[in-house]
Amino acid sequence: MDSKLFPEGVQRCSFGKFMLWTGFILAFFLWGLYAAVLVLYNGIGTTGLDNYFGFGLWITFDLAVIALGAGAFFTGFLKYILKIKQLEKIINLTVIVGFICYSGAMLVLTLDIGQPGRAWFGYWHPNVHSMLTEVIFCITCYCTVLIIEYVPLILEQKQLNKVPFIHALAHNMHVNMALFAGLGTFLSTFHQGSLGGMYGVLIGRPYAFREGFFIWPWTFFLFVLSAVGSGPIFTVLVCTFMEKLTGKKLVEYKVKALMGKIAGTMLTVYIFLKILDTWAWATGYLPSVGLTFDDMFYGVAYGKWMMFTEIVLCGVLPAIMLITPSIRNKPALLYTAGLLDCVGITINRYVFTVQTIAFPAMPFDKWFVYYPNWVEWASSIMIVAYGFLVLSLSYRYLPVFPQERGLNYK
Amino acid sequence: MHMKEFKIKWGMVIDIDKCTGCGACMVGCQVENNIAPMTKKDPYNYVQALTSERDDADNKLRTLTWMNVYEMSNGKSFPEHEVAYLPRPCMQCGNPACVPVCPVVATDKNEEGGIVSQIYPRCIGCRYCMAACPYHARYFNWWDPLWPEGMDKQLSPAVSPRPRGVVEKCNFCHTRYAKAKDQARENGEDPMNLPEGAYVPACAEICPTGAITFGDLNNPEHKVHQLAKSPHAFRLLEKLGLDPQVYYMSKREWVRKQGDNYNAGDKH
Ligand code: SF4
Ligand code: SF4
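First to last, the sequence lines map onto chains D and L. Counting in my numbering, the first sequence runs from 1 upward without gaps. Counting in my numbering, the second sequence runs from 1 upward without gaps.
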């Protein structure tokens, strides 16, 4: 029915089947939308947050998707600036994933701040000392860059592209893409860093506070590295998931392994520094404020097991797996390593957000355990559903995978 | 660390041995600063009925209590068991954790007197400052404020009520400071040199045991100046380096130890 809209020379499932799938995703989306409307109408009193946990699931979710969306800027950097040719086979997907992650994160932030109508104050009354100001600046600018990178792909839609003007426009945008890739790299590196810096500067929170390097605490660099160490492999996982779902080969394995190698190298550097950082924190900073390493952990929710899972099981292990060619070249092992990597980064963002503020800084305080309520879950799931929708539509109608034809129909 | 210095430095010295934990300071603060009581039902909100109710005061993690009284214990069992009460306003830190993090300069420490201000119409409600403050001195407005009928007549005219979605906190009853300065100008006195007692926050005024002393820490004529130097004085979490302008004092060693971070007595 809509086959005229498909990209050149590929097959797609029937329209009915597609509608069924879309309906299924829409159900989740609408559930989340209901929650979001309640939040905007009633205020964030409707969530599970409280005065102890001002940051919770939303911020964790945001930080995690932004880290995982890092595939876009880093792959763009490698492809356009360092000119690694092979990556053009997956670059479109990284842009779409990045766009989804960033625009999704911004939607959640709109719900998260108590006064959404004042979101622009970050530009109007900026506090140059605040890491969050930097985040607000870079994240909005970078989201715009991602839109600019996404638009030419839409313009290449088969029917649209027949219009001469659009054809020329798409071409011109493509020619200038290196510029935007460069801009994106700059913006994204900075705000990935400031997201880390946000926690590192919390002088009153010994779990997160870190010593500085120039004006930045260590966490600034750790967040950048962990993002580029997981973003590329996340794109690979998304791609593989799409292949399983559609039953088609979309990107040749060589490219995936290359992305794995890139992520693995960055992850190795990251995890090495992360271990050093943890060591310095436990043996240097903590004793200096009268605390011990053991003071920092509590129960199951904030246990040491989490730290070891993050650093060893989901850090050192996938790093080794990804940099070892014989392991990386086996699909099942590459995907396992990729999953572990992404889980590890998510745990990292969780502990920095929740464990940091759960720690009873005042001696007569006690640990609290935070549970997000359904409103927070539903609105986060809404973003995931939104991602699925954008991805499904893009895959069906836009020429995302240059290799699809060659790999499937000889 | 670069710190702004002020000629006047308003501060409190709270004598824990005098505090009985009666909570009068908390009540005085609520009334003075138009802190809305927590009400479950909101008659003006029709969609509310579809979701959860608002919190009432039994959810201590959602209440607004600029002044909060904490209970401390020496951890021993019965005959040796002792408790102490620690009232906690905003510490008006000299090196505040909350100020540098705010993305929109909604909170700042720039006025003579060293009080950390909070500008409600500018706050975007990101709650970064709450994550930064280890004293839990900052409170978020989870719900729109609502005064039961009749009670709205008792609002204090000097203090603006806050809408939902912004962060608020103790400001040493700043409006009283403004009033005291005006009064001094009217009387032809120097508003920058207020005598002891011309400016006192509501909590200090109402405290029945006189546990809270308020004044200019820099002014030798004010009682707090001496008290803060007492060998029994300490500050909360000294080691983190936030440099609070609120001091506590107690003759009991276990109290001092607990207040001044965890391993007090270590030399660093
Ligand atoms: S006690 Fe908290 S809110 Fe008050 S100045 Fe210090 S850091 Fe800021
Ligand atoms: S909640 Fe308000 S005062 Fe606090 S950091 Fe955010 S904008 Fe600033």
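Some hints here could point you the wrong way.
Straight-line alpha carbon distances no greater than 25 Å define the calculated DSS-like cross-link-like pairs of lysine-lysine that follow [claimed, not checked]:
| no. | chain 1 | residue 1 | chain 2 | residue 2 |
| --- | --- | --- | --- | --- |
| 1 | L | 60 | D | 366 |
| 2 | D | 249 | D | 158 |
| 3 | D | 17 | D | 244 |
| 4 | L | 7 | L | 229 |
| 5 | D | 366 | L | 153 |
| 6 | D | 366 | L | 76 |
If you're looking for bench data, these hints aren't it; they were derived computationally from the structure.
Outcome of the hint check:
1. L:60 - D:366: holds, 14 Å
2. D:249 - D:158: Given pair residue 249 (chain D), residue 158 (chain D) holds - Cα atoms ~21 Å apart, limit 25 Å.
3. D:17 - D:244: Given that 25 Å is the threshold and the Cα spacing comes to 16 Å, the pair holds.
4. L:7 - L:229: holds, 18 Å
5. D:366 - L:153: violated, 39 Å
6. D:366 - L:76: Given pair residue 366 (chain D), residue 76 (chain L) holds - Cα atoms ~18 Å apart, limit 25 Å.
Comparing the model with each numbered hint stated earlier shows that hint 5 is the single one that does not hold.
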